[in-house]
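Chemist: Here's the letter readout for the chains.
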Amino acid sequence: MDFDIVALSRLQFALTALYHFLFVPLTIGLSIILAIMETVYVMTGRTIWRDMVKFWGVLFGINFAMGVATGIVMEFQFGMNWSYYSHYVGDIFGAPLAIEGLMAFFLEATFVGLFFFGWDKLSKRAHLVVTWLVALGSNLSALWILIANGWMQNPVGAALNPQTMRMEVTDFGAVLTNPVAQAKFVHTVSAGYTVAAIFVLGISAWYLLKGRHVALAKRSMTVAAAFGLAASLSVAVLGDESGYQSSEHQKMKLAAIEAMWETEPAPAAFTAFGFPDQQARETHYALHIPMVMGLIGTRSLNTEIPGIAQLVRKGEDTIRDGIVAYDALQTIRAVAPGSPVPAAAKAVFEEKGQALGYALLLKRYVDDPRQATPAQIHQAALDTVPPVAPLFWSFRVMVGLGIFFIALTATFFVLSVRRTLDRHRWLLKVAVLAIPLPWVAVEAGWIVAELGRQPWVIEGVLPTAMAVSHLGVATLLATIAGFAAIYTVLLVIEMKLMLKAIRKGPEEFTVAAVPAAPKGRTHAAPSVNQPQSA
Amino acid sequence: MILHELLSYETLRLVWWVLLGVLLIGFAVTDGFDLGTGILLPFAGKTDLERRVIINSIGPVWEGNQVWLILGGGAIFAAWPQLYAVSFSGFYLAMFVILTGLILRPVAFKFRSKRADPRWRARWDWVLFFSGVVPALIFGVAVGNVLLGVPFRFTYDMHILYEGTFFGLLNPFALLCGLVSVAMLVMHGAAWLQLKTDGEVANRARRYGSVAAVATVVLYAAAGVALWQAVDGYRITSAIVTEGPSNPLFKTAQAATGAWFANFENHPWTWAAPVLGLAAPMLALVLMRARRGGLALLASGAAIAGIILGVGAAMFPFILPSSLDPRASLTVWDSSSSHLTLFIMLVVSSVFIPLIVAYTSWVYKVLWGKVDGEAIADHRGHAY
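Protein chains in written order, with our numbering: chain A, 396 to 929; chain B, 5 to 388.
Possibly wrong hints are sitting among the right ones.
Where chain A lies over chain B, by a calculated footprint (3+ residues, C-beta under 8 Å) [said to hold, decoys possible]: (1) 82-90; (2) 230-244; (3) 344-357.
No wet-lab data here; the hints were simulated from the structure. Glycine included, each C-beta is placed from N, C-alpha and C at the ideal position.
Build the full structure now, drawing on both the sequences and the hints.
Modeler: Take a look at the structure:
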């Protein structure tokens, strides 16, 4: 496999996924915030809450369109750029994606139109139900996408079928209840809630600083602070659960995040700061905090967390097992369809088949893994170490920001309880400046999860380098340039429109109640262009 | 789990072949009128208000409609993983062009209305036009190439090698199929505008729709004749195994003149599909002239279903024939997911597809009626 094609395919996937992930968390979180605000409107009948829903709804709509547009690319990209992946694991991986469409995205996309267009066609309660259905749809979307992603990190409930030369599902229940997927789902969705909360908090703080739309801004902040505090705490708790799951299912990822080159006596120290050096296998200027890593990773005082060197040695053994499995697989596949499979080969494959993926790591160096030299086996084992420094840093950025969000939302929660939201201007300024930070955190989180999975596209089963489509370098460069150009232009326009809508503020909706009665479209109703002082 | 053996692998494969058709038709019928309306936008609407009426006629529903495409992608991945892998990697640049259109369309809807500048709006109007016409054309071109056979093969480890080029896709027969697709979606979009608008917009839509309906019949008939006279079909030459593992290389197949008409000869009732594809556009034409927008929309929807079913009936059991190595051709019997996955996906679909149809119908009912030009002019109801 031409390594350029692998690198370029990965670049394109990372580009489009990171870009899609700019919009998704905000959609997930803002949909819930809108539903909460509208619930207050329906329960209290105070129209300012409806105005809040409409105002934040405009920003939601701009963001939603971008999420949909970039999501389409994700749905087809596996087939386009990762055709061997699609063949090899489509039997399992395709199902959650299809169910996401059936159960979640259809719901979300069908009702989002009514959310915008249904204000004077639906009763108050019916519109509230519509808003909650949009929120439910976007959150269920995340569930199924993370079941699919969780399976890439911890591929349970499937086995290789030698006749079709692909993984096939054996236990769908195990795919659904995959502990990695569950932890990731709550962690990711909570991160989305945090993104939306900080977004609402920051923009509202800007209004308070300017003395505009004060009533709307204060109410929005109250919702955002309470919601954001609960969400950011949940992010931390489930982030910790994700880390614990990694110590069980993705030991190498955990070791790389920690830049733990050698196994340390339990409980291991946590490296708070340092400069990992992958060549020298050491971390310069490391600042260790005793015991913390062992406690987080194993939740015990006496369980060891294996270091990178030990995992590489173990990987080398697994590769040798994998070669045995590969040999048995070739024997089994050489049998004509319908003829009996030699029992010996079958027994060997059943015993060592789990290690097959490790033999496939050798395909980068040699066509037939059985011909691999000891040097190649050693090199393939070294390949199981993901790039340590980017992981180490992304993780620390993510966690640091997470702690900051807890502090920020907690502060504003206290202020809102004391009804002193606008007393400390410097805090409002901090909230405004914090607006971009949740995006930095979620993108760093994506890098930790997916770069940490390398060199595997399916952990332990299929190396990334094998999974790509056989496309030309020029073709890939053309589409990467194309996506980058379109996405950049759209992002610039999107930001401008968002800023314009924020600057314009919510006036246009605070009209003398256009009757919300169904079908009540009297032409005598006042035009929305006549702002009314609230 | 033993439950899945209630339905045989053969039955499940057939059911999923039918569902593949349902999804393609669902996409072409629902998102089809969005694409057609987008194509008609610069021509059926001359003033900004008229164009906003057109955009608002699909404004609340295009997002839901487009999910048929997403769902189609997901369902093909889950039920026909090799079809997903071969077609999207093989038609790579064509897919990229379609995706460009589909990325630009949602944002064009959303962004156009955010500024009043006429040049800004005109730019997005043309984006909506191209993001309608380009996917419509390329989807048709893709179907044409599928009928011709696609140059791919498998390695021993089932890696897919595609040996065609983007410009190779643009051959005369495939382009003819592309034009059928554009004509039928323009007809469908025009019928939609008949239903949802009145006045000048509806009049112009009627004129363009009539031309498109006639064009659909002529082009579809021409494509049928070309398929009969100039295109070889494919047939399986080994014993047909319907319950075997999904490995296309376990069979043999070859190109054969007239093979795409074998099903019609052996089962004459299958002629119903292409006959519907020819008759329903004429009916749509008559209904549009009679100003019966709703019925015209149903007729053009039936035309789309007939045209797509006609392709399916001709090719069965082939799904994606290979011109390079006919043995590698994907068929209903050797390119599906496993027995268990097909069963699980069928259970999930039988729960959710009726639910989707139910709530989608409810949404259309809520939005029933003509788009109100005055309300649009007043910017009421969060309109685009």
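Chemist: Against each hint, give a clear statement of whether it holds in the structure.
Modeler: Outcome of the hint check:
1. Residues of the stretch 82-90 of chain B with a Cβ under 8 Å from some Cβ of chain A number 7, which satisfies the need for three, so the listed coverage holds.
2. For the stretch 230-244 of chain B, the assignment as covered by chain A is violated, since 0 residues bring a beta-carbon within under 8 Å of that chain's beta-carbons and 3 are needed.
3. With a cut-off of 8 Å between beta carbons, the stretch 344-357 of chain B has 8 residues touching chain A; three or more are needed, and the interface restraint holds.
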